Every structure is written in structure tokens, then in C-alpha cells.
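Chemist: According to my numbering, the sequence shown is numbered sequentially starting from 12.
Wrong hints could be hidden among the right ones.
Heads up, simulated DSS-like pairs for lysine-lysine below, C-alpha to C-alpha not over 30 angstroms straight-line [claimed, not checked]:
{"no.": "1", "residue 1": "K71", "residue 2": "K60"}
{"no.": "2", "residue 1": "K69", "residue 2": "K57"}
{"no.": "3", "residue 1": "K69", "residue 2": "K42"}
{"no.": "4", "residue 1": "K57", "residue 2": "K71"}
{"no.": "5", "residue 1": "K84", "residue 2": "K27"}
{"no.": "6", "residue 1": "K42", "residue 2": "K57"}
Simulated from the structure, these hints should not be mistaken for lab results. Predicted model only: the values in this text are computed from it and were never measured.
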Amino acid sequence: MILLAPVITEKSSMLKEQKKYVFEVSMDANKIEIARAVEALYKGVKVAKVNITRVHPKWKRIRMQSGLTKWRKKAVVTLEKGEIDFFKA
């Protein structure tokens, strides 16, 4: 599985106006695989470009125990045409 989940934050909601959508993706996925997965999952969209970033782990503490969150990879997908509706019923 390449696309793990859409990232729905205030920043990603603002990017939606520019036809950019943010996804959390598998750590071993590359740009071509991500573009193909988006086009296969959401019919009628055409991917223009994909930008990838790795999110570093952060220190978190729960009560007396501290540890690191896991590494994550995010992809910002820019569409040529079409629109993705994450909230459709």
C-alpha cells in the first residue's frame, strides 16, 4: 500500500485551493509510484507533480515515559485537472 492516509490540517486545507493535496505515504514509495496510486484511487484526476518530504521523529512524553515518534513520509500532490473530495459520503 503506497497511500496510507490523507493529511487533513489547516495548512493542507489552504493548499487545496491551489490544487495541492497532502498524503502520508509509505517510506519506500517514490514519486512515480505515488502519482500512479493517486490516479488509480481517484478516477478523473491527472497528477502534474509530486513533492516528497520526510518528517523527522519528535520527542514525546506520556506520564513518566518518553520516546520518539516514528519517521513519516509526506507527499504533496499537485493536480492538473480534477478534484479530490475527502469528505464525500
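Chemist: Hint by hint, note whether the structure agrees.
Modeler: The hints, checked one at a time:
1. K71 <-> K60: violated (33 angstroms)
2. K69 <-> K57: With Cα atoms ~34 angstroms apart, K69 and K57 exceed 30 angstroms; violated.
3. K69 <-> K42: The hint holds at about 25 angstroms.
4. K57 <-> K71: Violated - the C-alpha atoms of K71 and K57 are around 38 angstroms apart, more than 30 angstroms.
5. K84 <-> K27: Distance ~19 angstroms between K84 and K27 Cα, so the pair holds.
6. K42 <-> K57: The hint holds at about 14 angstroms.
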